[in-house]
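Asks: Residues per chain, in single letters:
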Amino acid sequence: MTSIKIPTPLRPYTANQSEVTVTGTTVGEALADLVAQFPDLRPHLFNGAELRDFVNVFLGEEDIRFLYGVDTPLDPNARLRIVPAIAGGKNEDSSGPERNVDHSALRINQVFIIGLLVLAFVLDAPALAAFVAAVMLIGAARPGAELFKLVYWGILRPAGIVRPDVIPDNPEPHRFAQGLGGIFAGLGALALFAGASAIGWALTWLVVALASLNLFFGWCAGCNVYYLLNRLGAPGFNRQRVKARQ
Amino acid sequence: MTIRLSPVLQTRIYAQLQQVYPNEGGGFLLGSVEGGGMVVVETRPVENVFAAEQQHHRYAMTSHDWARLEDEADARGLALLGYYHSHPDSPPIPSAYDREHALPNFVYVIVGVQNGQAVETRAWQLGQDRSTFDELTLLIE
Numbered sequence: 003m004t005s006i007k008i009p010t011p012l013r014p015y016t017a018n019q020s021e022v023t024v025t026g027t028t029v030g031e032a033l034a035d036l037v038a039q040f041p042d043l044r045p046h047l048f049n050g051a052e053l054r055d056f057v058n059v060f061l062g063e064e065d066i067r068f069l070y071g072v073d074t075p076l077d078p079n080a081r082l083r084i085v086p087a088i089a090g091g092k093n094e095d096s097s098g099p100e101r102n103v104d105h106s107a108l109r110i111n112q113v114f115i116i117g118l119l120v121l122a123f124v125l126d127a128p129a130l131a132a133f134v135a136a137v138m139l140i141g142a143a144r145p146g147a148e149l150f151k152l153v154y155w156g157i158l159r160p161a162g163i164v165r166p167d168v169i170p171d172n173p174e175p176h177r178f179a180q181g182l183g184g185i186f187a188g189l190g191a192l193a194l195f196a197g198a199s200a201i202g203w204a205l206t207w208l209v210v211a212l213a214s215l216n217l218f219f220g221w222c223a224g225c226n227v228y229y230l231l232n233r234l235g236a237p238g239f240n241r242q243r244v245k246a247r248q
Numbered sequence: 026m027t028i029r030l031s032p033v034l035q036t037r038i039y040a041q042l043q044q045v046y047p048n049e050g051g052g053f054l055l056g057s058v059e060g061g062g063m064v065v066v067e068t069r070p071v072e073n074v075f076a077a078e079q080q081h082h083r084y085a086m087t088s089h090d091w092a093r094l095e096d097e098a099d100a101r102g103l104a105l106l107g108y109y110h111s112h113p114d115s116p117p118i119p120s121a122y123d124r125e126h127a128l129p130n131f132v133y134v135i136v137g138v139q140n141g142q143a144v145e146t147r148a149w150q151l152g153q154d155r156s157t158f159d160e161l162t163l164l165i166e
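Going down the list, the protein sequences come from chains A and B.
Sequential numbering from 3 applies to the first sequence in our numbering.
Sequential numbering from 26 applies to the second sequence in our numbering.
These aren't lab readings, by the way, just hints derived from the structure by calculation.
Idealized CB from N, CA, C, for every residue including glycine.
Wrong hints could be hidden among the right ones.
Said to hold, decoys possible - Interface residues of chain A toward chain B, partial, derived using beta-carbon atoms under 10 Å:
1. 11
2. 45
3. 46
4. 52
5. 56
6. 83
7. 87
8. 93
9. 102
10. 166
11. 168
12. 174
13. 237
Claimed, not checked - Computed footprint of chain A on chain B, listed as stretches where at least three residues anywhere in the stretch have a Cβ under 8 Å from a Cβ of chain A:
14. 31–40
15. 108–114
16. 131–140
Stated by the list, open to error - Facing chain B, a subset of chain A residues (Cβ under 8 Å, in silico):
17. 14
18. 20
19. 60
20. 91
21. 167
22. 196
Required output: the full structure, derived from the provided sequences and hints.
Replies: If you want it as structure tokens, here you go:
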């Protein structure tokens, strides 16, 4: 005789028995005998003639899907077990996929930009200013390759050092702002290398000032330029401001 | 139908789900059925095994986790009452995805986590005809 272990939520249909004895030489025959003995089980195990997607049947430790499915032969004293697959998840917004931005990642990015550019000024190190400009421009060109944000995603957030701050927002204006900052920082670095120190450091401090406004006051100059261009109908600037969800 | 969850266990669930935010997290509810109601005795966090890039809106656990916890509950005379999971930045209301994957006689506790803070817990059960989710009375006491 084959035994079948019944999952807790389906036991009301087997007179609260956790294990039921059935006959049959294959898994399919055993399940057919099970639902013949306990007809109320059928709609929860089968959809028509097919086993429901979330119903897993195990022979010993093996999922029958990795054996021969319902044709899997059974030894006389086989032990079967029904295990529901557990899965869940939130509704996607009916107005479209949700757009969220983790503002902690943005802030960490700004901290690095401000810190390293100030350090470049203090150390009189144009190479460091050029490095920051390169990181900003590469990040703006390829969102997955933002070095300072990778520090956040790879280290600070997983370690719990910085908590995420995910809010409905468009990523595009922030990317645009970063590109704009990267261009200013890059021009500044070029000026420094060309010997025009005053212009070079002025541009560098402009980037520091704008990043600080964003970091400390949440005012993103580049984003405002982006949304202004959106209102003027500039091609490619097709995201409108996200209204706060309530 | 009512389900009772102690404030201590709710705090534990909240701490776990805030920790995994902005991803979804979850676990099992072990307990007993007394009269017309259910009482949660233990909560057991279970790892989210959905693909990492999908975990912000999906939660899944392995068959092995189910089997292990069910065996333990059976051995201790407890019942596998249901499971809990979070809806990050989304209300604690079952989604179509939740219903497609739901079982009857099983409690679905959903916690809304807004901006990293767990704010609301609601409990649901699939109707016998599988077409609707009915809300249970959740008593935090």
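Asks: Next step is simple, just say for each hint if it's right about the structure.
Replies: For each hint, the structure was consulted:
For the restraint placing residue 11 (chain A) at the interface with chain B, the shortest Cβ-Cβ distance is roughly 4 Å, inside the 10 Å limit, so the hint holds. The beta carbon of residue 45 (chain A) comes within 7 Å of a beta carbon in chain B, closer than 10 Å, and the hint placing it at the interface holds. About 6 Å separates the beta-carbon of residue 46 (chain A) from the nearest beta-carbon of chain B, less than 10 Å, and the hint is met. Given hint, residue 52 (chain A) at the interface with chain B, is violated; its Cβ is 15 Å from that chain's nearest Cβ, farther than 10 Å.
The interface hint given for residue 56 (chain A) holds, since its Cβ lies 5 Å from the closest Cβ of chain B, which is under the 10 Å cut-off. This hint holds: residue 83 (chain A) has a C-beta 7 Å from the nearest C-beta of chain B, less than the 10 Å allowed. Hint status for residue 87 (chain A) relative to chain B: holds, with the closest Cβ pair at about 7 Å, below 10 Å. Taking 10 Å as the C-beta cut-off, the interface hint given for residue 93 (chain A) holds, the closest approach to chain B being about 4 Å.
The interface hint given for residue 102 (chain A) is met, as the beta carbon of that residue sits about 7 Å from the closest beta carbon of chain B, less than 10 Å. A cut of 10 Å between beta carbons decides the hint on residue 166 (chain A): the least distance to chain B is about 5 Å, and the hint holds. Taking 10 Å as the C-beta cut-off, the interface hint given for residue 168 (chain A) holds, the closest approach to chain B being about 5 Å. Taken as an interface hint, residue 174 (chain A) does not check out: its beta carbon lies about 19 Å from the nearest beta carbon of chain B, beyond 10 Å.
With a least beta-carbon distance of about 30 Å to chain B, the hint placing residue 237 (chain A) at the interface is violated under the 10 Å criterion. Check on the stretch 31–40 of chain B: 0 of its residues sit with their Cβ under 8 Å from a Cβ of chain A, so the three-residue criterion for coverage is violated. Counting residues of the stretch 108–114 of chain B whose CB lies closer than 8 Å to any CB of chain A gives 5, which reaches the minimum of 3, so the coverage claim holds. Counting residues of the stretch 131–140 of chain B whose CB falls under 8 Å from any CB of chain A gives 4; the rule of at least 3 is met.
The beta carbon of residue 14 (chain A) comes within 5 Å of a beta carbon in chain B, closer than 8 Å, and the hint placing it at the interface holds. Restraint check, residue 20 (chain A) versus chain B: the minimum CB separation of about 6 Å is within 8 Å; hint holds. Hint on residue 60 (chain A) holds. Least Cβ distance to chain B is approximately 7 Å, under the 8 Å limit. For residue 91 (chain A), the interface hint holds, the least distance from its beta-carbon to any beta-carbon of chain B being 4 Å, beneath 8 Å.
Taking 8 Å as the C-beta cut-off, the interface hint given for residue 167 (chain A) holds, the closest approach to chain B being about 7 Å. Residue-level restraint check for residue 196 (chain A) is violated (minimum Cβ-Cβ distance to chain B is 44 Å; threshold 8 Å).
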